[in-house]
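Chains as they are written, first to last, in the working numbering: chain Y, 1 to 416; chain X, 1001 to 1058.
Watch out, some of these pointers could steer you wrong.
If we take Cβ atoms under 7 Å as the criterion, some of the chain Y residues that face chain X in the derived model are [claimed, not checked]:
1) Trp183
2) Leu318
3) Lys319
4) Met352
5) Leu355
6) Val356
7) Ala359
8) Leu362
9) Gly363
10) Phe364
11) Pro367
Keep in mind the hints are simulated off the structure, nothing from the lab.
Idealized CB from N, CA, C, for every residue including glycine.
If you want the building blocks of each chain, they are given just below.
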Amino acid sequence: MTEALYLASGLLALSLFLMPLSITGLALTNVGMGRSRSASHAMTSSLCVIAVALLVFFACGFRISGPFGLSYYDAGILQPTSTFFFMGMAPADLFTATFGMFAAALCSLIPLGAAADRWRMSAACVSTVLLAGFVFPLFGRAASTGFLAGLGPHLNFEGGFSDAGGSGFIHVTGGLSALSVAWLLGPRRGKYSNEGLPAAVPAHDSILVLFGCMLAWVGWLGVNSAGAMLTRRAAPATVIVAAIDTTLSACAAALTAAAVTRIRFRKPDASLIANGWMAGLVASSAGCATLKPATAVLTGLVAGALVVFSVEFLEFRLKVDDPCGSVSVHAVCGIWGLLAAGIFSDVSGQFMAQLVGVATLLGFIFPMTYFLNWLLNKFIPYRVSIDGERQGLDLHELGADAYPEFVVHTDEFVQR
Amino acid sequence: MKLIGFLLLLSGWGIVLAALRMLRGNATPIFILAGVIIEIIGVVLVAKGHLSVVKEDR
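Build out the structure end to end from the sequences listed, making use of the hints.
Now the structure itself:
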């Protein structure tokens, strides 16, 4: 093994070790944005969903997805393989498998945010089996080594579909699954009045939400750096650009969200600023290996504004009750990230390749996710009972509150 | 309405795939765009279908 390969392996390993922080950050953000009477349930569900996603991807997901990029091993020293249960794989091959495993867990957490306060834990775990074991690997394969990656000859450019950090295969896949689940579950009890006006249900712990954002930032540096190295042939020396792009995009998006909410509501909104930060991270992922830092800022600016308007549009117009803004952050801004990687690319034809990727997500992944969740909902009802929702999922499903010494819960947000 | 929306989503993707498989040159991007536009119409129909379900539930 050459010295350069040692350096690359070390950097890749470090990036992979940072990835779980993005999962932790997202879980904390989801928990903080939900209600206090379901906080323990949300965190327990997150832990169970992560465990299910990791095990299912280990068991069969990686066999479907195949390696996330072959380029790291171009020297021909090692050829990554994809097998059930990671069997027969060389230790060095496990880099790409580990990336896929953590990415699957991150993707699987996204629907939990949209379904907060009303999704049964067992149903969430079974739904995760399908998402992490089948849907995510299927698009992951298309994006990294499948037909999307090989679009070059059709569109007169070499690069193919570009999604280094997973705006598409992690976030849009998870975000579309979140939309399907939110539609199937329906809004929380009391969220909409008889006239169809939504009640504001504020985050129960803004500190948790904002702390989650900061943890997610560190984790995202790992996701995007590892993704850039594995899928886009980024050399260790250029990986730092991915880290700069990620950070700048998040900063621009958070500040834009703060400015937009300040203008629209007279005061900056903590939840929407957090959503803006996450939206910037999500949007940066697709082009993290190819964008210039200035274009990463532009990507973040648009993502920050987009997420605020998207959250409002979904809540007020489409009546989608998405407590954590998961659909807006991950699906809408993920799609924007994919398109931005094409718009700001120097390569001709890149935008069309990105468009084909978005078309595949909307035209194939979305109907499939909806259908699978719809089918599952017939056998394992997703939604908790009315009593369970009134009581809070902590007591109903776990038998104990997250904050036992807290004020007694009331239906304070239910419109009378 | 929801079902039609989902069928349009699949049809739009079919057009994109067909354009990639069967066409060469300038026609490919035009048909890819057409496919995406059909998908957007599909998303709108699915959303409208969902909206009517929410209204009925109320």
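Against the structure, the hints come out as follows:
| no. | hint | in the structure |
| --- | --- | --- |
| 1 | Trp183 | 5 Å, holds |
| 2 | Leu318 | 5 Å, holds |
| 3 | Lys319 | 5 Å, holds |
| 4 | Met352 | 5 Å, holds |
| 5 | Leu355 | 6 Å, holds |
| 6 | Val356 | 6 Å, holds |
| 7 | Ala359 | 4 Å, holds |
| 8 | Leu362 | 5 Å, holds |
| 9 | Gly363 | 3 Å, holds |
| 10 | Phe364 | 5 Å, holds |
| 11 | Pro367 | 5 Å, holds |
Consistency note: the structure conflicts with none of the earlier hints.
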